[in-house]
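K.L.:
Produce the entire structure from the sequences given, and follow the hints as far as they go.
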Amino acid sequence: MKQYFNNIFTALVTILVGMKVTLRHLFTPSVTIQYPDVKLPLPERERNRLYVNMDDCIGCDQCARACPVNCIEIETVKSVPGEDLGKTSNGKKKALWVTKFTIDFAKCCYCQLCVFPCPTECIYMTDVYEFSEYDRNNLIYNFSTLTPEERRQKLENLEIYNQEKESKKGVS
Amino acid sequence: MIYDFFYNLTGSVIISGTVVALLPLFAFILPFALFAVLLERKVAGHMQDRLGPMRVGYHGILQTVADIIKLIQKEDIIAKDNDKLFFNIAPVLTFAGSYAAFAVIPFSSIFLGADIDLGIFYVIAVTGLVVAGILMAGWASNNKYSLLGAMRSAAQIVSYEIPTILIVLSIVMLTGTMSLYDLSENQTAYFWNWNIFGGPNLDIQKFLLIPFMLIGFIIIYISTLAEVNRTPFDIPEAESELVSGYHTEYSGMKFAMFFLAEYANMFAVSAILVILFFGGYQSPLGYLGNTLNIPWLIPIEQFFWFIFKGIFFVFVQMWLRWTLPRLRVDQLMTASWKYLIPIAFVNLLIIGVISLI
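Chains A and B, in that order, give the protein sequences. Take the first sequence: its position 44, counted from the start at 1, is 44 in our numbering, and no numbers get skipped. Going from the second sequence to our numbering is simple: count from 1 and add 1000.
Some hints could be false.
Mimicking DSS-like on lysine-lysine, the simulated pairs with C-alpha atoms at most 30 Å apart in a straight line are [stated by the list, open to error]:
1) A:Lys20 with B:Lys1338
2) A:Lys94 with A:Lys107
3) A:Lys20 with A:Lys2
4) B:Lys1084 with B:Lys1144
5) A:Lys2 with B:Lys1338
Rather than coming from a laboratory, the hints here were simulated on the basis of the structure. All of these numbers come straight from a predicted model, not from anything done at the bench.
P.N.:
Below you can see the structure in the form of structure tokens.
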């Protein structure tokens, strides 16, 4: 009999205690963030989507070689004498046309190993992390500034130059 | 009464009858269901330190409207082996059961569908239809989870009717009336005249009754909570065990009718509690219409107080839902048969003895 009344008492008291807890939570500010409108601040050294500043790229291929998953593909064409490719921001002279520079973000593991070897610091991590796509091929980003026609032209230029060189050698 | 008002206005029995019958639905139940679903989601969210719906309208106030539009558009799926007839009748019956209860609930001293002398008895009888509808839905769905949910629901409602009725009986015995209108009229304005504080007569009996009224109120609150299948007593629709019980197989508008019936039931039950213990539509602090001498303001105030008290108890139901875990089946039966019913019975006897003094 004592147990019976004890049960009733415990039930009522525990319900009231629980209700007190939930009522307190009803008035505590919620921890939710309205995600697309409000975003959490990113950490200082966050690693997200890569970006390549092609004005500074000298086509040295070091980033592609450092990449553990081979997601960077670079193709370069030698410039012919007389063509001025300009200089990078830290004073290096550019000698190669970068005809292809693609990064496949479907493969990229965001390890940042490509960033450190770059001599001109032209490849770096940005703070963009929302770039999902419906098609996997859309994740292959092309950074090369040359159009396909320009690329073909550069290749032809080089070939013509090489042939001229060959013929000069033959003459002399 | 509202019927006479419309009868005098139109002079037709059919038109006034139809208007009076539909008025609670469109003036009250649908808006209430819209509001209550949003309130439930908001309360749930904030109790878990979330925000709840935030997208549609300011702080999500139009969320339920969007949900209703979605439900209307949905395909009405009927599985091949369902019992077609019962499957289609069940949601209508469930909703009819909970809606019929609103016929006798006095929202205010003039807004009352039918003032019948057996008011509370009628409510208890007609809400029994809900059990039939649920059992029918579970059986016709041809789904083991639905059937399990429906049978649990029937067992639960049958068990918990008894303490409810014992407490209702003690109130009826004390006041000597079953009419819900008379019950609310008896507990005249000002909160110390309410039944929970021993009724309107100021004598020794009033003070003796207060503790037993409190016990009675707690018991009827718990048992009605079980009758409308709300958590902690939601084993008929236990999501984690039974998918969602008897309305697993329903979609579109039929599901919406079950949903509407559930929320209409929540309010009906709270309204009965308010009428039995908390003075019905009576204001706790006297009427502004009396002090300002504007007689037409009084029914509006009464309507406001009734809705306010009803929604407060609906809020407490939600509050309990997000506080307590679900009971096991044996715990459910223990709570009813070993605790609520004996206590309610003893309470009935004690109130009977006190009312003899």
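K.L.:
All the hints need checking, so say for each whether the structure fits it.
P.N.:
To see whether the hints hold, each was checked on the structure:
| no. | hint | verdict |
| --- | --- | --- |
| 1 | A:Lys20 with B:Lys1338 | 27 Å, holds |
| 2 | A:Lys94 with A:Lys107 | 29 Å, holds |
| 3 | A:Lys20 with A:Lys2 | 27 Å, holds |
| 4 | B:Lys1084 with B:Lys1144 | 17 Å, holds |
| 5 | A:Lys2 with B:Lys1338 | 14 Å, holds |
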